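Take a look at the letters that make up each chain.
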Amino acid sequence: MIPVTIAVIFIVFLIMHLTPGDPVALLLGADATPELIAETREALGINDPFFVQFGRYLLNLCKGDFGISWYTGNPVSERLFSAIPYTVKLSLGAMLVAILISVPLGVIASVKRNTIADYVISVFAMIGVSAPTFWVGIMLMLLFSLNLRLLPSAFDGSFASYILPTVTQGFNMLASIVRTQRSSMLEVLSSDYIRTARAKGVSNFSATYKHALRNAVLPSITVAGLDFSLLVGGSVAIETVFAIPGVGRLMIDNIKLHDTPTVIGCMVFVSVMVSIINLLVDILYGLVDPRIKAQYLRENKNAGTHKKEKRESGASDLETV
Amino acid sequence: MQEHIKKKKESQARQIWRRFKKNKIAMAALVVLAIIVLAALTADLFWDYQADACDINIPMRLQKPSKEHWLGTDEMGRDMLCRIVYGARASLTVGIFATTFALIIGGALGAVCGYYGGRLDNIIMRCTDVLLSIPGLLLAIAIMSAFKPNIFYISLALGISYISKFTRIVRSAVLTVREQEFIEAARAIGAKDRTIIFKHVLMNCMAPIFVQYALAIGSRILSVSTLSYIGMGIQSPTPDWGNMLSGARAFIVGRPYLVLGPGIALLLTISAFNLIGDGLRDAMDPRLKK
Chain A
136 MIPVTIAVIF IVFLIMHLTP GDPVALLLGA DATPELIAET REALGINDPF
186 FVQFGRYLLN LCKGDFGISW YTGNPVSERL FSAIPYTVKL SLGAMLVAIL
236 ISVPLGVIAS VKRNTIADYV ISVFAMIGVS APTFWVGIML MLLFSLNLRL
286 LPSAFDGSFA SYILPTVTQG FNMLASIVRT QRSSMLEVLS SDYIRTARAK
336 GVSNFSATYK HALRNAVLPS ITVAGLDFSL LVGGSVAIET VFAIPGVGRL
386 MIDNIKLHDT PTVIGCMVFV SVMVSIINLL VDILYGLVDP RIKAQYLREN
436 KNAGTHKKEK RESGASDLET V
Chain B
2 MQEHIKKKKE SQARQIWRRF KKNKIAMAAL VVLAIIVLAA LTADLFWDYQ
52 ADACDINIPM RLQKPSKEHW LGTDEMGRDM LCRIVYGARA SLTVGIFATT
102 FALIIGGALG AVCGYYGGRL DNIIMRCTDV LLSIPGLLLA IAIMSAFKPN
152 IFYISLALGI SYISKFTRIV RSAVLTVREQ EFIEAARAIG AKDRTIIFKH
202 VLMNCMAPIF VQYALAIGSR ILSVSTLSYI GMGIQSPTPD WGNMLSGARA
252 FIVGRPYLVL GPGIALLLTI SAFNLIGDGL RDAMDPRLKK
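Chains as they are written, first to last, in my numbering: chain A, 136 to 456; chain B, 2 to 291.
The set of hints was computed from the structure by calculation and includes no laboratory data.
Given the structure is predicted, the values throughout are model-derived calculations rather than measurements.
In silico contact screen, one side only, chain B against chain A (beta carbon under 10 Å); selected entries:
| # | residue |
| --- | --- |
| 1 | L132 |
| 2 | P136 |
| 3 | A147 |
| 4 | T227 |
| 5 | S272 |
| 6 | A273 |
In this text, a Cβ means the ideal position worked out from N, Cα and C, and glycines have one as well.
Bound-form chain A, shown alone (with noise of 0.2 Å):
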């Protein structure tokens, strides 16, 4: 994880180094005498070499200094830490949506296949993953709040204030879970103990509920995980749309301000955040399924690369970024 996140420090230092124009130009103003911006300059480390500046930043950072706002003057943790709320509050709210409709989704598409009540669930997974999140943001703003005043449309951090934005991001993960239960689901129902259990005469709602269902779930967790990284990307378009102040809000605005200490901040606690979630996945997997615990605990070599094939295959049933 710390070797990931020094890496993508170091991609997007890169990015932000190739910027045309001159930043400090840009920050003093028109009417800034060349003397003031080389002594600016000079005072921003911009005049050291490229990897003299990445050496320090990564130093600085060790100490938890993700350093000064070239717009504000602020400390950048400062902002950041103002933002980081909204959007983990934000992106763990779409998750928790998105799982809470999808697994009951999947399972019904399931039960009754080929049935009308699949289509529609099929279709309806379609529509939120080809629909622009930011369209739907607006369409459901339209509808709830300007046209059936059941919600506010101004963002207040309140909790009624947060439901379209979460129901919006949710919707967008649906497809995947919904397609990845559905599969799962149908081959843990024909599977033999699933008919074992039918024949010892538990009743067909505790087969499917509980039987199937618990050894269906874990592909869908999989999939809510490696689908995060996609969430926080759309997060920026959500919060634009809803006017959060979040993290990829913060971070738009200074990009187009060319303040580099914030947009390199924002991208750090975004990917440290991803390398999490994809950890947290990684230890539910061992909790939700016995099996991998105790390949765990044999330390058997190939625990890791089971694990590894079997994301891989969630992964590949819809990727779309």
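Mind docking chain B on chain A? Use the hints.
For chain B alone, coordinates are given in the frame of chain A:
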């Protein structure tokens, strides 16, 4: 018996097409996509690009739908229908360019990784891990901050953020083919590595690549509209569904039809690509062969 032999001779592409044709949803998607492409190509017959789609015409602004303007006019007085049709050009161009770029680079990397394996494979795969841990859209945004927002750079940025996906898919496809007998046979008769990779390995893992190609175009169109919506992509006055939506956003209270048009165009195009990708996947699945 005679018929059976004839059937065997049918080329693989024809077999796939035959199975694809049976899939009504995928065929419908193909028809929708054909209409969209046709509209984008023939738009010049009905409108003048500069005068109707780009030039500002304030006296005509925000007109309701009428006989002359079927979908009304936008906040700059331009015909919405005309801009939606021209918007298809930008989206499709970026979608296809970006995906092709990602396919060429990612495919080459993936083929090399899968075929040779070893240390090179390790290094390249770690690099894709890094790229995958940055959300694709944010990477594209960061790249766009360094370049002028024109169609070429947008395609490049969106392509770069998709390379790692293709690398992984091609690599895993190559890995399944690599150990088969016909590759060994090719090696035995002294074929060069390059010939084996391009003629034997890649030709036999086209199915997942094609499927991913169709899905990726849809996803790139989605991304370019998002980029344009937040102002980092195609810039007004060049019509694009994303920047049209961001322009219409301010007028949703009185004129909701302004956000409806470009949104539905996006929805139709992207779902067409997704459905075609799914149809291809089903048609190419050897388990479904009859």
